[in-house]
Amino acid sequence: MSYSIRKRLSWSLSLSIVLVATISGGLSYVGARIKANDRQDDTLRQVAQLVRLQTPDMLSVREAGNDDDTTDYHIGIEPINPPPNWPASHEQRQWPSNLSPGMHSVQLDDDNYQVMVTPVRGGALFAVFQETDIRKHIANSSAWRAIVPLLILIPILLLVVNDLLRRLLAPINELSQAVNHRDNDDTSALPLLLPTEVQPVVLATNRLLSRLGESMQAQRRFIADAAHELRTPMTALSLQAQRLEAIALPADARVRLQALLTGITRTRHLLDQLLNLARIQNAMPASANKSASAAPLTTPVKASFTRVLENTLNGARTKQIDLGVSDAPADEVNVRANEDNLDSIVRNLVDNAIRYTPIGGQIDVSLRIEHAHAIISVQDSGPGIEPSERLRVLDPFYRVLGTEQLGTGLGLAIVSTLLQQLKGSLVLTDREDGGTGLLAQVRLPLAH
Amino acid sequence: MRLLLVEDDAMIGEALEATLREASYAVDWVRDGLMATTALKTHGYELVLLDLGLPGKDGITLLRQLREDGHATPVVIITARDNVEDRILGLDVGADDYVLKPFDAKELLARMRAVLRRKAGAAAPVLSNGIVSLDPATHQATSPEAEPSILSNREFALLNALMVRPGAILSRSELEDRVYGWGEEVDSNAIEFLIYTLRKKLGSSAIQNVRGVGWMVAQA
Chain A
1 MSYSIRKRLS
11 WSLSLSIVLV
21 ATISGGLSYV
31 GARIKANDRQ
41 DDTLRQVAQL
51 VRLQTPDMLS
61 VREAGNDDDT
71 TDYHIGIEPI
81 NPPPNWPASH
91 EQRQWPSNLS
101 PGMHSVQLDD
111 DNYQVMVTPV
121 RGGALFAVFQ
131 ETDIRKHIAN
141 SSAWRAIVPL
151 LILIPILLLV
161 VNDLLRRLLA
171 PINELSQAVN
181 HRDNDDTSAL
191 PLLLPTEVQP
201 VVLATNRLLS
211 RLGESMQAQR
221 RFIADAAHEL
231 RTPMTALSLQ
241 AQRLEAIALP
251 ADARVRLQAL
261 LTGITRTRHL
271 LDQLLNLARI
281 QNAMPASANK
291 SASAAPLTTP
301 VKASFTRVLE
311 NTLNGARTKQ
321 IDLGVSDAPA
331 DEVNVRANED
341 NLDSIVRNLV
351 DNAIRYTPIG
361 GQIDVSLRIE
371 HAHAIISVQD
381 SGPGIEPSER
391 LRVLDPFYRV
401 LGTEQLGTGL
411 GLAIVSTLLQ
421 QLKGSLVLTD
431 REDGGTGLLA
441 QVRLPLAH
Chain B
1 MRLLLVEDDA
11 MIGEALEATL
21 REASYAVDWV
31 RDGLMATTAL
41 KTHGYELVLL
51 DLGLPGKDGI
61 TLLRQLREDG
71 HATPVVIITA
81 RDNVEDRILG
91 LDVGADDYVL
101 KPFDAKELLA
111 RMRAVLRRKA
121 GAAAPVLSNG
131 IVSLDPATHQ
141 ATSPEAEPSI
151 LSNREFALLN
161 ALMVRPGAIL
171 SRSELEDRVY
181 GWGEEVDSNA
191 IEFLIYTLRK
201 KLGSSAIQNV
211 RGVGWMVAQA
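Residue numbers (this note's numbering), protein chains in the order written: chain A, 1 to 448; chain B, 1 to 220.
Everything labelled a hint here was simulated from the structure, so no lab data went into it. Where is the CB? At the ideal position from N, CA and C, for every residue including glycine. Worth double-checking, as some hints may not be accurate.
Said to hold, decoys possible - To give an idea of the chain B side of the interface with chain A (calculated C-beta under 7 Å), a few residues:
(1) D9
(2) M11
(3) I12
(4) L16
(5) T19
(6) A23
(7) A26
(8) A80
(9) K101
(10) P102
(11) A105
(12) R165
(13) A168
(14) I169
(15) V210
(16) V213
Modelling step: build the complete structure from the supplied sequences, incorporating the hints.
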């Protein structure tokens with residue numbers, strides 16, 4: 001099963017942080033409340049200590065002064081049994097008369113009080129008290145204050161942890177992106193500037209890539225060598241067959257000789273195309289740049305059209321096909337490709353068009369400019385290609401079922417391989433004017 | 001005409017020797033570079049057909065030595081090495097042409113003829129594509145579809161431009177460059193008019209139009 005390390009780490013770390021924060025927050029909240037209660041009890045006791053030294057008269061004055069309830073602690077001082085000279089105006093709570101000196105929790109009417117009962121000078125009992133609601137309120141707010149920093153810091157910590165995770169795992173993401181966007185044929189090593197934990201994987205991948213590259217190289221070299229080695233016997237065969245042509249032969253032998261010569265021509269064409277494809281595939285991006293500096297990287301398109309038409313007109317005319325250039329800008333258009341490669345692209349498309357266009361058909365080659373790209377189109381009046389087949393026909397030796405055409409099956413493979421290297425593209429579609437036939441559009445960057 | 005064929009492969013050598021004999025050349029066939037050097041020292045040849053991958057001495061080395069010794073004998077390389085660098089190297093070292101295996105016997109013979117013609121420095125020969133022929137000396141054009149006729153200077157310039165390389169397509173502006181001098185006013189349909197008059201004199205198929213590109217005369 002696949003999973004993301006980043007997501008897992010992020011979730012589990014976040015969860016642990018929240019859990020730890022909740023527990024420690026809860027503990028400090030409870031602790032702070034208990035402490036606040038203790039502190040308030042201490043305060044009551046201290047006040048009681050002071051009250052103890054007073055006479056009831058002095059306390060009545062003091063109590064009057066304290067009547068505005070402005071102190072933070074809302075501590076009240078009242079006699080349990082008010083003496084006769086106690087100021088009547090004051091709101092006097094009806095304390096239970098049986099309260100002994102010491103700390104009590106007392107309920108009067110609807111209010112709860114924490115009361116410290118103490119005797120004063122002269123022996124009368126006084127209550128130093130505080131409303132429980134106020135006490136609770138004070139305890140709660142000081143408990144909250146204790147966990148506020150935690151509440152602020154936890155989200156920051158979560159953000160920092162997630163950001164760190166993203167940063168630390170970014171090289172791995174970049175690596176997988178880079179591997180994803182690689183060309184099919186790119187077997188160069190992956191960069192090793194990665195965390196040590198991932199390096200073994202990258203090293204193993206690089207070893208695999210280099211073995212893959214070697215075997216791809218070996219395969220291409222084999223194709224090139226095989227095609228090359230076949231040339232010598234093909235030359236001998238072709239020369240011998242051509243010598244037969246010069247001899248007076250019976251009519252039926254001549255027909256068979258023609259078939260033989262056609263077969264030889266076809267085989268030679270196949271060898272040429274095989275070698276072309278092997279050569280193009282061997283010119284990998286890295287080495288392509290090297291050879292590009294030798295050959296000029298800019299080629300006029302219309303000159304290429306002329307060369308290709310010069311070489312294909314005979315074939316077209318034997319099938320009475322009207323082959324021509326239907327549309328091209330008056331000015332010269334240069335594309336970023338060398339002459340051989342551009343000619344090869346146009347040639348293969350025109351060859352295919354001639355092969356599949358019926359006798360008396362029409363083939364239009366055209367050129368236009370679109371977004372700093374040259375669009376080279378070859379449109380024929382043949383049967384076209386089914387949409388489902390349009391990608392498959394780019395594979396070497398793939399032929400559309402039901403066609404008996406004697407192509408090599410390599411033309412479109414050569415075109416698409418070349419276009420990959422030239423940063424161009426090939427699109428095969430139906431004709432835009434609604435007629436039957438194939439429209440092959442090549443898109444190539446303009447040269448500057 | 002005596003030729004030296006340097007080819008190590010027995011099958012190709014035999015076939016090529018026979019083909020060349022049938023084309024009325026006298027052929028000496030050697031199979032390695034050392035024998036080729038000896039043969040070149042002892043006999044005079046008018047043309048050498050040279051394979052590059054040879055035992056004993058590589059074809060390129062042989063050719064380089066030949067040129068360093070001052071031999072001007074035309075050399076046509078016949079090889080299976082088809083990359084551009086090899087072709088450039090061969091021509092730079094002193095080959096007169098470079099023919100790639102497998103080749104058509106007819107093409108090889110035509111290339112040999114062209115090399116020999118260039119070496120002879122033949123004065124403007126009669127140009128022909130097998131259908132139309134044009135004599136640069138008299139401006140006379142002949143074609144199977146019509147009587148021989150003398151062409152005007154402009155007609156001749158246009159046909160000559162096309163006949164120099166049959167099968168090559170020349171655009172309107174290329175033809176205008178060949179037919180008209182600098183600064184001459186050219187009517188927009190001047191080329192079409194010249195082609196019309198040429199077709200009238202030589203038959204309608206003498207000059208072929210290639211839609212959207214230009215005109216050509218058929219290749220032989």
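Numbers of the earlier hints that this structure fails to satisfy, in rising order:
Structure breaks hints 6, 7 and 12.
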